[in-house]
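Given chain A's structure and the hints, the job is docking chains B, C, D and E onto it.
Residue numbers (this note's numbering), protein chains in the order written: chain A, 0 to 289; chain B, 8 to 295; chain C, 700 to 883; chain D, 736 to 885; chain E, 135 to 807.
No lab work stands behind these hints: they were computed from the structure. As the structure is a prediction and not an experimental result, all values here were calculated from the model. Warning: the hint list may mix true and false statements.
Claimed, not checked - DSS-like cross-link-like pairs, simulated, lysine-lysine; straight-line CA separation at most 30 Å:
#1 LYS65(A) - LYS758(E)
#2 LYS620(E) - LYS252(B)
#3 LYS856(D) - LYS758(E)
#4 LYS65(A) - LYS763(E)
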Amino acid sequence: MKELQELAARLLTDGSAGVVIGYEEGPRGVRPAFVTRPDDVGRLIFDPRCVHNLATYLSPRRTHLKGLGRPAVVVKGCDARAVAGLLRESQLAREDVLLIAVRCGGVMRHPERHVDLRAETVADRCTSCDVREPHLFDFVVGEAPAAPPVTDRREARIRELEAGSPADRWAFWQEELSRCVRCHACRQACPMCFCERCVADKTQPQWVESSAHPRGVLAFHLTRAMHQAGRCVDCGECERACPADIPLGLLNRKLAHVVAERFGHHPSDDPSVPAPIGSYAQQDGQEFIL
Amino acid sequence: MRIGYYPGCSLHATARELDESLRAVASALDLELQELDDWSCCGATSGHATNHLLSLALPARNLALAEAQGHDRVLAPCAACYNRLATARHEIAADAALAARVARVLERPFANRVTVANLVEVLRELGPAITARAGRSLAGLKVACYYGCLLVRPAAVVGFDDPEQPTSMEDVVRAAGATPVAWQMRLECCGGAFSLARTASVVRLGRAILDDARRAGAEALVVACPMCHSNLDFRQSAMLERGEKPLPVLYLSELVGLALGIAPDTLGLQRHFVDARPLAARAAAEVH
Amino acid sequence: MSAPPSEAGSHHPPTLTAHLRATTGVNVAACYQCGKCSAGCPMAVETALRPHDVMRLAASEQRERLLAAESLWLCLTCEACTARCPNGCDPARVIDALREEAAHQAPRAIGAFHRSFLDQIRAFGRSFELGLVMTYKLRSGKLTQDVTTAPGLLGRGKLKLVPHPIAGVSDVRRIFRACEKEEA
Amino acid sequence: MATAAESLTAFEPRITAFVCNWCTYTGADLAGTSRLQMAPNVRIVRLPCTGRIDPLFVIKAFERGADGVIVSGCHPADCHYTAGNYHARRRFAVFRELLDFMGIDTRRVTFSWVSASEGGKWRDVVNETVGRVQALGPFEAYHELAGRQG
Amino acid sequence: MARIGVFVCHCGENIGRTVDCARVADALREHPGVAHSVDYKYMCSDPGQALIKQAIAEKRLDGVVVAACSPHMHEKTFRRACAGADLNPFLCEMANVREHCSWIHEDRARATDKAIDLARTIVEKVKHNRPLQTIRIPVTRRALVIGGGIAGIQAALDIADGGAEVVLVEKEPSIGGHMSQLSETFPTLDCSQCILTPRMVEVYQHPRIKLMAYSEVDAVSGYIGNFTVKIRQKARAVDASTCNGCGACTKACIQRKIPSEFDERLGPRSAIYVPFPQAVPNTPVIDRANCAYFKAKAKGATKAACGKCAEACSRGAIDFDQQDSFVTEKVGAIVVATGFQLYRIGADQPQGLTGYGEYGYGTVPDVIDGLQFERLASASGPTGGKILRPSDGREPKRIVFLQCVGSRDPAKGMAYCSKICCMYVAKHTMLYRHKVHDGQATVFYMDIRAAGKGYDEFTRRAIEEDGARYVRGRVARLYRDGDVIKVHGFDTLSGEPLVLDADMVVLATAMRPQPGIEALAQKLSVSYDQHGFINEAHPKLRPVETNTAGVFVAGACQAPRDIPDSVAMASAAASKILGLFSQAELEREPTVARVDTGLCSGCFHCERVCPYGAVERREIRDRKGNLLKVVAEVNPGVCQGCGTCQATCPSKSVELDGFTDQQIWAEINALAL
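Extracted from the complex, chain A is given alone in its bound form (with noise of 0.2 Å):
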């Protein structure tokens, strides 16, 4: 915690960041915290319950931060996979930001609900995460962890879901995306999701209904998933941003594995390696094709 309040205190006076993004108490439980100030980086803190992605405060449409010059973000190993998805994606040049790479050994789901990481309590995705220290950084801090505690959850619903029929999958994504009211927090959420206009607020022709009918958001969250296939970075932030709990993970968590399966595709923190979808291998599989 002193290394990374230093280390937000020496770039802050030496000018070369404007501001440091990383986390701090608030009211209710750890929130993103935006320190200017040499004297207020005593805000900072890191634990497992500092799950925000904040890389998605460096998308080029979060105009209101461009006043406070360079951002020295705080990032995890997640984080950092977004930093490189915006730099694959000309979202980002690198000298524009500082990357201060936080040792991480996973982080809670709920963590207004619990107090200490286990595997009862870990975040799904920390458990598909081999990151305990990105390789996309300017600094390092924190003590090595341990690796988060294991749990098959997410895979284990995966694979539940597949075993069973088509009509089994229907009535199952039926119930869940008959809470979505279309708020599209988890659009907003999603450190990957910055087009200017979504296709979703599209009018002329409006592909997704805007409304919350569930022919619109079955279009919806098929058009996000599709978006997302070899670019989600698994950060959770969609699903944790949902107020009706749907279970997001599960598509974005899916479509990775289609990915890796088929085109060795695994989401990386290297920004140089390019993304399944828009490239291609005259070898890909074709099973399907007649």
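Chains B, C, D and E alone, transformed into the frame defined by chain A:
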């Protein structure tokens, strides 16, 4: 290394020495052969000449047994059994409808997961171990490696070696310290299937093979197939002109066994029709 | 591919070409008679019909002539033809299918041999002596031929006289019945 | 075996086909020129290239009442624009698995390569798809969803 | 409200027989936005077109739908008719009710229903069509020819003689290609070099041809009329401007036993060499992999290990420090004429093939291929034109030729027929008989394919006059037996197995495209088939064009071709290019993509998927010059209109004119129940 072992019917009868020599060699090279419990006949030629489904179901039963008994690979030293098992595996993998029919008649779980290996393939993998433990007992022994028809064909099914210019048996022979000769009849069929039924055919085909091997300077033929062996060994007297010297026919495993210094009787050399023991004696003399 | 609905229900006896395609996957029409199969066939000097002849007759629907041909039974199944066919035609498989067909249609000595071999497997789960001496005799009817060699085999421990059924023999018998039912 | 009376009232699926201009569309032209008879249930939407075919088209087609969809274009290495079909192949490989995971029976979606010279193959693709979707019945689940007021 | 005219064509009986055209016209008349709907016997006839023009004028139509045949047949016709009535031609579309309806269905009611659906769909599409303007682009009257074989030479000469400049790029040190290796040519048996070398010299001396030998195309950008080509000139280590081609260097070279590529490895060459005496340009090149100087240098030697060539050169032309250099050329059209290679079994296997162990190429001595035989038969060859066995220099008395090795062999080789082998094998048997009078040539063949002027007569002559024995059948295997090669064949005509003793065997191996052609094709954005042959735009009607405008193809890089075919293609490509260059500006269909820069987020997925590199990056700045964002922009001259960008764009900020989202959406909607 551990591998499922499918001896096949002939290794309990006419090809006993293949079974015996292979077990001896395996134990010397720390290869654990686990005989499949309750294995049944692969159906051989009669299966695929009369009922196609049966010709797949009989091998599939054994592959399913292997699966259930926890193997991912099965060694079938008899080239004919090997060919049947590998063909069944290949055809079932290529055709989902066929796979469903086979599953229906088998009435047991079968995922077609087990791969099939033949004698040459496995001994080639053990090549470095053979070289390491072989003495110089076979130095200078010239042998002709005879592949016959079932080991390398059809390439789509077998695929462990080039179907026209294979090298695997020669690799094993070299690993054992003997010298393979270059000759032309390595891949010509010996007519084993007609060993008794059409003696004239077999004599014609066998003679061409023996002649060529002899002309190339071979002192023995090396085979990896009980059919070839019984044909070329058991039938050889009919293939020779008066006064011609017979050519011993060794199983590849016997040759490796000799290189490893295993006693000829343990390898089953006394069971041959063309006496192979003088060769063994020569090898033994080199050792001492 | 399923046929369009209008064609459903019409039934014609399958041609030999169609039958072979269905049972072996081989399109005999793909054979362009280059003769590479016959050039490498070890039995080409002895048989009347060589592999490329078999393909040709099959393509021209000469069912009777093929099924009656002795040549079918002279194939060693060495697969040299199949291995070298430039058009992937698999003559060895076609010959197998024709033998299967011939055995169905006209029981003959050779069919009897295969049946007796299979009967052994049905009875014991395994063949008890590689179908060598005894089965060849059954097949040829020459019961006295090679009498001299049997002691040779016995003396070398190469013949088992008393067969024992394997434990799962009933399973094997069931597979036989199921396959015969399926193929019927 | 359906009787004649039954087949008269048999369900006639609506199939929307998204095809590329250069291969499948031209192959379908050839099927016509060759007078190859096929089921009349398919409506073709012509696109320049499979690369232009968006998963949104498939979603919209189902929303608007299609019981099945065909996506078809040039064989690998045969693309008029060199690589549009490779991009489409990846896109639809993923989309197909997504549909499956969300419970949409992928037997309702046919992907095929049909070259300009494969009129017969186009006929087969059409008949096979129509037959398959016929057997599955109307895509009621989706249509109910689409028709229901939210 | 739209005012669309619908015109339903009977196509005589072709449509009318199964589609009730009047009912279609009636149904469409009721469709919203349709202002006029009629049916007529032949819409494409003059009176039919007049109907359309008249209706446009009288009913003030703002869109036209012709329900008739495939747009591939008559779209141009009807668009021109609309233009004639002052309606923007891109407001006219066709509904395909013939190929996609009347011809493939029998049930009249259902076919009519379908035709109505199809017409409605297109009406809905046309409601969203925009007037588009044909794109005009300028032309650089200069051509690039890639490949200096006979096809490239012919194309270059024809274009240059037509008055345009040509850049001819050849990757080998000399132009001439495979034709320069041949002894005589069929069906006339005239000497290959005698007819080729004058053309080579002509290229060298032509004032409008810039010859760049020992060079390769590195990168290509741009589009028809406006290509920019980057060419790598490989370092010869010899200064071409000072070298006078005296040959002293090659005589001085200490490395003399390098297998000569020109002689197909049957003869030696030195490390500094000219491939053959009549080479153009006649400038030597140092083969760095085999040169003593360069080998020592690569191993880290600091002192020059050799330098004999430099010592021998009186003009100081040897330049060991020469580096590859790059030249950029602007051209308006490109000819791909990279030619073929012969399938060298075992030496270079196409992907997934394992070769022909049964034919012993590379393992059995005196089994050679067709080009090697050419070198043996050539007066300039390693044996001075004597047919001698490579193994012992003995004259072979029995030669067996095998045709279709690797050709017509889907199982192990190439499925296609290599076309030239039947002819050159017949030629070989004749050359052989002319040189070895008591020699016996036997040819194993499958079919004799001798379609061409004088071709069949030629093969008959080989058989009837020159004693070639033709055996119809493929060979199963061959092997060395002592001094002879045993060839196991089968005579399918006599029905007899055959084992021949041969002193030499010649394999007529398949023709394949040059290695690396896929990479070149990708640079040029032209497509190629599974074998690597360049695809022509249409097999019958556009045989020398590719699917990239401005890129043409000639010779054996498109398919197996003989010399007359290659030359004809080259001249055809040249005349196409001269036609192109005769225009001041080019017109192209405006089916191109447009970016809505206001909505573009600059993720550049479009840039990654564009097969043509048509997507460019543009910076958007505010009035003060501050960078606001970087967006994609499509260069309409480069875009070919595939639309992959649009399907890939997550926010749909790029539209393909002619196939916009709005149009497709309208079509899908029109299909609703």
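Outcome of the hint check:
{"no.": "1", "hint": "LYS65(A) - LYS758(E)", "in the structure": "holds, 17 Å"}
{"no.": "2", "hint": "LYS620(E) - LYS252(B)", "in the structure": "holds, 27 Å"}
{"no.": "3", "hint": "LYS856(D) - LYS758(E)", "in the structure": "violated, 60 Å"}
{"no.": "4", "hint": "LYS65(A) - LYS763(E)", "in the structure": "holds, 13 Å"}
When held up to the earlier numbered hints, the structure conflicts with hint 3 and nothing else.
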